[in-house]
Amino acid sequence: MDLTSAKKVAADLLHHITSVPAPSVDASRLRQAGVPLLQILVASKRFADTQGKPFSVEASPDGTLSKLLSNHGLDPSMCGASTELAPAAATLPSERTDG
5 MDLTSAKKVA ADLLHHITSV PAPSVDASRL RQAGVPLLQI LVASKRFADT
55 QGKPFSVEAS PDGTLSKLLS NHGLDPSMCG ASTELAPAAA TLPSERTDG
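Residue 19 in the working numbering sits at position 15 of the sequence shown; the count goes up by one each step and never skips.
Simulated from the structure, these hints should not be mistaken for lab results. Honestly, I wouldn't trust all of these hints.
[Claimed, not checked] Below, in silico cross-link-like pairs of lysine-lysine (DSS-like), each with a Cα-Cα straight-line distance of 30 Å or less:
#1 K11 / K57
#2 K11 / K71
#3 K57 / K71
#4 K12 / K57
#5 K12 / K71
What you are looking at is a predicted structure, and each value in this text was computed from that prediction instead of being measured.
Work out the full structure: start from the sequences and follow the hints.
Here it is, written out as structure tokens:
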């Protein structure tokens, strides 16, 4: 993730958190990620907490996000991560491939 895409993802998450009662992101199909994404997710979780909203990130137990969290010694709850997939999780506009 470069700086331009990080800004877009952060803006999308901010909008998502302020727009829905229980913001959720599906990261189960995530193929590449790094520390910038972790920073954005942790900041998003903290922001949602200040708004009094639950924030969750669904990730597969052996997926990219789970491995990244483990490699950096982070507790998944720091970014709202859960390995239980939810079918209604949102796809952020920056992730959409349909235009």
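Here is what the structure says about each hint:
1. Of the pairs offered as hints, the one joining K11 and K57 holds, with about 22 Å between alpha carbons and a cut-off of 30 Å not exceeded.
2. This hinted pair checks out: K11 and K71 have alpha carbons roughly 23 Å apart, not beyond 30 Å.
3. Distance hint between K57 and K71 is fulfilled; the C-alpha atoms sit about 26 Å from each other, no more than 30 Å.
4. Taken as a hint, the K12 and K57 pair is honoured in the structure, with Cα atoms around 21 Å apart against an allowance of 30 Å.
5. Pair hint K12 plus K71 holds up; C-alpha atoms about 23 Å apart against a cutoff of 30 Å.
Hint violations for this structure: none, all hints satisfied.
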